[in-house]
Amino acid sequence: MNPRIGWLLAAAALVAGYFGWGWPGVMLAFTVIVFWLLLQWGRAMRVLRAAGERPVGQVPSAVMLQSRLAAGMTMLQVLPLTRSLGRSLSESPERWAWEDAAGHRVETDWQDGRLVRWQLLRAPDAPANPEAPLEAGRDA
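Plus 6 on top of the position in the sequence shown (first one is 1) and you've got the numbering used here.
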């Protein structure tokens, strides 16, 4: 959600609470806003704790990661897909990368906290058949 819309909704809840029930309504709206912020904080901490327990920049399959990415995703939406923190490539423009055991790498470009571009870079010794890394990674 756009932060501006969220703050507008919070202000609208405070105003509606005041006009509907007076100061008890304002306190109810304030309590709901704080509860929502605590839920978001807890979600962010859960995602970061899980990602922090894995090796930096490593994913099980870079091919699967790149297929699940979408423009406009936030880092908080990408981290559960990668299950690890990315390796920073540059700060301006903001670029992060994740690599799998086969050497395939996904590089992502970010602008204003949103994913704008990504590309899959195959390992130099990867076969010409793009399906080969997927077949090699499947369980028999």
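It is possible that part of the hints are untrue.
[As the list claims (entries may be wrong)] Simulated DEER-style distance windows between Cβ atoms:
#, residue 1, residue 2, range
1, Asp131, Ala77, 47 to 55 Å
2, Trp27, Pro61, 31 to 39 Å
3, Arg52, Gly78, 20 to 28 Å
4, Ala56, Trp13, 52 to 60 Å
5, Met51, Gln117, 24 to 32 Å
6, Ala129, Arg10, 24 to 32 Å
Worth flagging that the hints you see were computed from the coordinates, not collected in a lab.
The beta-carbon is built from N, C-alpha and C at its ideal position, and this holds for glycine as well.
Here is how each hint holds up against the structure:
1. Asp131 / Ala77: 47 to 55 Å: violated, 30 Å
2. Trp27 / Pro61: 31 to 39 Å: violated, 52 Å
3. Arg52 / Gly78: 20 to 28 Å: holds, 22 Å
4. Ala56 / Trp13: 52 to 60 Å: violated, 29 Å
5. Met51 / Gln117: 24 to 32 Å: holds, 25 Å
6. Ala129 / Arg10: 24 to 32 Å: Given range 24 to 32 Å: violated, Cβ gap about 43 Å.
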